[in-house]
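Chemist: Sequence:
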Amino acid sequence: MSKDSVQCVWLKRDLRVLDHRPLVEAAARGPVVLLYIVEPEMIEAPDFDGIHWQFIRQSLVDLQASVRELGGALCIRRGEATAVLDTLHIEYDFAGLWSHEETGNAWTFARDKRVARWASGAGVTWQEFAHNGVVRGLRDRDGWARVWETRMAEPLLVVPESLSSPTPAVADIEIPTCAALGLTLEGRALDLTGGEGEGLRVLQSFIDERGKRYHREMSSPNQAYKSCSRLSPYLAWGCVSMRTAYQAIATAAGTRMPKIAARAVIARLHWHCHFMQKLESEPAIEFHAFNRACDTLRAQGHDAAKLEAWQEARTGYPFVDACLRALKARGWINFRMRAMLVSFASYHLWLDWRCFKDWLACQFIDYEPGIHLSQIQMQSGLTGINTLRIYNPIKQGTDHDPDGKFIRTWVPELKEVSNDFIHDPWMMPDLIQIETGCQLGVDYPLPIVEHREAVRFARARFTELRQLPEYREASRAVLQRHGSRKGRSGRGGGRGTKRSKQADDSPQGEFNFTA
DNA sequence: AGTGCAGTTGACTTT
DNA sequence: TAAAGTCAACTGCAC
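The first sequence begins at 730 in the numbering used here and counts up one residue at a time.
To be clear, the hints were calculated from the coordinates, so they are not data collected in a lab. Among these hints, one or two may not hold up.
Unchecked claim - 20 Å max Cα-Cα, derived DMTMM-like pairs, lysine to aspartate or glutamate:
no. : residue 1 : residue 2
1   : Lys1124   : Glu946
2   : Lys1035   : Asp1172
3   : Lys1144   : Asp1132
4   : Lys955    : Asp1132
What the hints assert, rightly or not - Computed beta-carbon distance windows for the label pairs:
no. : residue 1 : residue 2 : range
5   : Trp1088   : Gln856    : 31 to 41 Å
6   : Ala839    : Ala900    : 23 to 33 Å
7   : Arg945    : Gly852    : 54 to 64 Å
8   : Trp1088   : Glu1199   : 23 to 33 Å
9   : Lys941    : Ala1189   : 38 to 48 Å
10  : Ala1189   : Thr984    : 30 to 40 Å
11  : Ala1033   : Asp822    : 52 to 62 Å
Glycine included, C-beta positions come from ideal geometry on N, C-alpha and C.
Based on the sequences and whatever the hints tell you, model everything.
Modeler: As structure tokens, this is what we get:
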């Protein structure tokens, strides 16, 4: 393409100007149209919610300002991607289309294929660059961790000094609100605002103030809200690049942040890409269990009443209900509690993951398909290579909310219940129920399932399943495809001949996540 | 002071 | 990253 021909940067989940390779590459070649497409398919997708659009919208407002400051303009259009690109191509005759690789759902994958076809038909060169640590076209996990390290260590790409705008000038349009798109935001009390500027401020406040005790406090829903980085939505929508976050935290390790805290965060940035990689390598996990033999395990797993009780946070388990209510209001809860909520839906309520994955995605302001899908499957026991992790909601409560503070905040029905019964109010003698004004089954529901009994049932189903030869075979295949090479016998692994019993040495480690 | 017992704690194994 | 079960060591206490 000739120098000074118009270039189009197509923004997707990369709403920023710092460390943005497509932008840098395009700006070096000529006038730039920065395009964001409001796609009907996205707005209408079952895993898309007003909570997401609001965050995107705020990010676009912020981006609009920074792009203007560089002398450019942000072009926002509504419509199907190839239709929008086609119109824009007629208007600007751009020679190159630049974007980041996206690890998305079936619809984004199909749309990208349409765009590729359109680009080649229109004589436009579409260039995509790797985003974060996900590797496209990966065969197995050999050397994956090294690629991640290498990418994270590369210098940040600076913001172009200026952007030259194409003619005709990009017309400003009002960025549609949730209401304009038919999306709602009822009952939310979100405290994070979308945008690159906000994202960088959140990163800074985490390093300078909030993250000192990250490693110790991330498991408690009381403290995690402040002590976790809260970067997840900014990473999910690309307001802050993974590399920016990584380098800021790595640099602060041992100075502004305790080394142990910084290490814990970096391990999770690594896991972030690790789980996205699973969807990139196997898009079918949107619809099928990692281990296909598990696909029919909960075939009858759609008890509408149980699903509804869970979604409405009236399961009768105070800690579960508190976590669900907090999540619904804030759009965020810490990792451990997410795992517990999925475990409860999958094991205690025996619901099929496919009947709640979209609803859950709509509660997460930081929804990232690759992480979401692989985590749900893992916490539901569908990988076939992990031991079952069935959370005891009472134990989680006594461990991470010992004085019931979190429960009383989110389940006010139990405000007057003493610490003796806050985690298992159904144990309250009638007399005490009357005294506290909290009658079980009236003011607060009785447990919809009995823990021991439900867990025994779930375990029995898995025991049966594991007898099947097709299950064993599929498990081997999962390990082959997604399993780490690190520490596997016969591959070296740098630990000498002695096999350690540490978790990171086990093949299961590949699906693991610490929080 | 020594013994028996109940209950606790921690390490380790199994599911 | 889970939880439950087993076993041994230990603690506090009564006698």
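Chemist: So, for every hint listed, does it hold in this structure?
Modeler: Okay, the hints, checked on the actual structure:
In summary, the hint linking Lys1124 to Glu946 is supported, as the alpha carbons are separated by about 17 Å, within the 20 Å threshold. For the given pair, Lys1035 sits about 19 Å from Asp1172 by alpha-carbon distance, which is consistent with the 20 Å threshold. Between Lys1144 and Asp1132 the alpha-carbon distance is near 12 Å, which keeps this suggested pair within the 20 Å criterion. Taking the CA atoms of Lys955 and Asp1132, the gap is about 19 Å. The hint holds against a cut of 20 Å.
At about 37 Å, the CB distance of Trp1088 to Gln856 agrees with the hint of 31 to 41 Å. Against the hinted window of 23 to 33 Å, the Cβ-Cβ separation of Ala839 and Ala900 comes to about 29 Å, which satisfies the hint. At roughly 57 Å, the beta carbons of Arg945 and Gly852 sit within the given window of 54 to 64 Å. The hint said 23 to 33 Å for the Cβ distance between Trp1088 and Glu1199, and at roughly 30 Å that hint holds.
A hinted range of 38 to 48 Å for the beta carbons of Lys941 and Ala1189 is consistent with their spacing of about 45 Å. The supplied range of 30 to 40 Å is broken by Ala1189 and Thr984, whose beta-carbon atoms lie about 53 Å from each other. Take Ala1033 and Asp822: their Cβ atoms lie about 54 Å apart, and the range 52 to 62 Å holds.
In summary, the one numbered hint that this structure violates is 10.
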